[in-house]
Amino acid sequence: MQGVLGAFAEIDSTVHAIEDLKKQNFSDITVFTPTPRHEFEDVLDAPTSGVRRFTLAGGLLGLSFGYWIPIWISDYWPLVVGGKPVASWIPYTIIGFELMVLFGSLSTVFGMFALSRIPRLTMTVGYDPRFSHGDYGIWVVAGPDRATEAADVLRKHGALEVRNER
Amino acid sequence: MATIAPPASRDELVRRPNVPSADNRLPGVRDYEQVDHDVIATLGFSWGWLISLGAAVFCLAIGALAWTYQIHEGLGAAGYQPPTMWGVYIVTFVFWVGIGHAGTLISAILYLFRAGFRTTIYRAAEAMTVFAVMTAGLFPILHLGRPWKFFWLIPYPNWRLIWPNPKSPLVWDVFAILTYLTVSATFFYVGLVPDIAVLRDKETNPVRKRIFAALALGWRNSDREWRHFTRAYLFLAAFATPLVLSVHSVVSFDFAMALTPGWHATIFPPYFVAGAIFSGIGMVFTILIPLRKLFKLEHIITINDLDAAAKLCLFTSMVVGLAYLTEFQVAWMSGNKVEQEYFWNRVFGQWAWAAWIMLICNMVMPLSLFSQKLRRNTTWLFIFSIFVNIGMWFERFVIVIPSLSHEFEPWQWGGYHPTWVDYAILLGSFGWFFMWFLLFIRQLPVMAISEVKEIIRPKMRHRHDTTHDLNALTIDPTLTAGDD
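Here the protein sequences come in this chain order: W and X. Using numbering that gives the first Met the number 0, you'd call the opening residue of the first sequence number 0 and step up by one each time. Using numbering that gives the first Met the number 0, you'd call the opening residue of the second sequence number 0 and step up by one each time.
For the record, the hints were derived by calculation from the structure and aren't laboratory data. Note that the structure is a prediction, hence the values are computed from the model and not measured. We put the CB at the ideal spot given by N, CA and C, even for glycine. Hints may be right or wrong, so weigh each one.
Said to hold, decoys possible - Partial list, derived from the structure: chain W residues whose beta carbon lies under 7 Å from chain X:
1. E9
2. F25
3. T29
4. V30
5. F39
6. D44
7. V50
8. T54
9. L101
Stated by the list, open to error - Here are the simulated PhoX-like pairs of lysine-lysine, each with C-alpha atoms no more than 25 Å apart in a straight line:
10. W:K83 / X:K310
11. X:K310 / X:K208
12. W:K21 / X:K292
13. W:K21 / W:K155
14. W:K155 / W:K22
15. X:K295 / X:K310
16. X:K166 / X:K148
17. X:K336 / X:K310
18. W:K155 / X:K292
What the hints assert, rightly or not - Covered stretches of chain X (chain W as the covering partner; in silico rule of three or more C-beta atoms under 8 Å from a C-beta of chain W):
19. 51 to 58
20. 104 to 118
21. 312 to 324
22. 442 to 452
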């Protein structure tokens, strides 16, 4: 992957640079920010995270498993007390609930990892350690023909540093 | 997330503060660099830390020796005598589970409620949760005659074709506590990932840098990562919220499902949950106030944050106090002689000393927090928190012991005298808890760096509408005065 990386000290400059890049039809833009901010959500107009689907699937799986285990155990080893049903769904709701939370939480984290593409073994191109401290970064995927154009936009908005990476 | 600088194309700015910035100001912090610097400075070595760790390990060693002795001698070494076959271990188990609850309350429930004061204190509280639940989990095992068979409670396929009884509250406990430990540890770690990335990028020691790089999972602070992270964090908080309520309810079922006088009451789940949160906030103060002083973090963990937590403590103490009084009222109104006699015995009989420690520490002393001056006095908050810890341990003592030693028939009446083994293991549990906590504060940030940064105004190149400028907001001088 080839592109241009720009580092900014100010949030408004970063937002304006992204807007300009989008106007000039650069579509593959990644923003690095030390803390999540709505400004970037707004300007990037990214779709809602799909983590919720993992949460729902994990929660339903855990709930079903949490009911199934005690019902199966009760039926496997039936102890009839006072003529009451062997499997009693009310107390089993506790186990169902706990496993719903357990599976739902773990699948949420799995979903976050999968969608964010982590764990990542290398930092790949387009990252600078300063982005975890105070600066903002914009990584624009651009071939050799458009790299200068992207770099000009970043510089125009006050980038501290602009460099080509591949 | 918060919005200050709008995209240039937008005429109107919609300010959308979220959790970290809501109602929270840190006038003593200039910029992101200062946050990094001040929080990372807490990881430095100090002799005070080493001495504290040594003391914690020493206490743990005493507990471990006592347990070894108990395994060799049998459970009789632990002061159990019929009819009181639950003692200090179960009391301490409930105590530590309760301590854990405030961490989840602060990190998850207050997150959903958009309570800004949680931002600076939640990481320490969350760590406290994980280590408290780890400590609590030891006690049902310590309480077993053959502790190496503890896994029999887990429903796993086995050649004996024997399964635990899923209608038993003890089995619910296994599911609840293991889920709570797993979810709170996961929530804790997920929140740490962006902060570990900060440490990775700052670290100069190659070995530590590699360890941080592995723990940070290649986190790059990209918009994609943050988008999924914030959503996942929200869902985890949404799961943790009912979980925290359910876990202590399930712990209360260990008692409430039995027909024993004093236990068989529907009030137990809310009573236990409120007590857990109250005791947990007490422990948060015990940990946070020295930490704040030692690491000079008064400008980040502000007196306003402690004041807000103290109000929460006051509220939960009143819920707990109401539950205590309701128990007496229910016994009085029930017309049940056994129940009435039990409650009389609790406050005026055999166990009066324990009950009055509980009532004074948990009902009377918290009333001091109605005074704003005391809520904003960290010395008082620290002293108060020690009494809360003592009071809440005795609350569990008062729940467990008097009921078992005074059941229906006179032959079921007896006493209970903890032995040195009980006390040593209780001390060891504090050693175990503080050992993990001290190791944590030396290796990982004790405050959520990325969330604290959300409170700080970011650098701006151009002037924007100052009505939305956080720095332009007037700070009431009374809110920052009165520290210590």
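The hints, checked one at a time:
1. E9: holds, 4 Å
2. F25: This interface hint is violated because 15 Å lies over the 7 Å limit.
3. T29: holds, 5 Å
4. V30: holds, 4 Å
5. F39: holds, 5 Å
6. D44: Result: violated, 10 Å to nearest chain X Cβ.
7. V50: holds, 5 Å
8. T54: holds, 5 Å
9. L101: holds, 4 Å
10. W:K83 / X:K310: Violated, at about 48 Å.
11. X:K310 / X:K208: violated, 41 Å
12. W:K21 / X:K292: The hint is violated at about 48 Å.
13. W:K21 / W:K155: Roughly 15 Å between the alpha carbons, so the hint for K21 of chain W and K155 of chain W holds.
14. W:K155 / W:K22: Given pair K155 of chain W, K22 of chain W holds - Cα atoms ~14 Å apart, limit 25 Å.
15. X:K295 / X:K310: Between K295 of chain X and K310 of chain X the Cα gap is close to 24 Å, so the pair holds against 25 Å.
16. X:K166 / X:K148: holds, 20 Å
17. X:K336 / X:K310: Status violated; Cα separation ~39 Å.
18. W:K155 / X:K292: violated, 46 Å
19. 51 to 58: With 0 residues closer than 8 Å to chain W, the region 51 to 58 of chain X misses the three-residue bar; violated.
20. 104 to 118: violated (count 0)
21. 312 to 324: Since three or more residues must qualify, the claim that chain W covers the region 312 to 324 of chain X is violated, with 0 doing so at under 8 Å.
22. 442 to 452: holds (count 3)
Hint compliance for this structure: hints 2, 6, 10, 11, 12, 17, 18, 19, 20, 21 are not met, and every other hint is.
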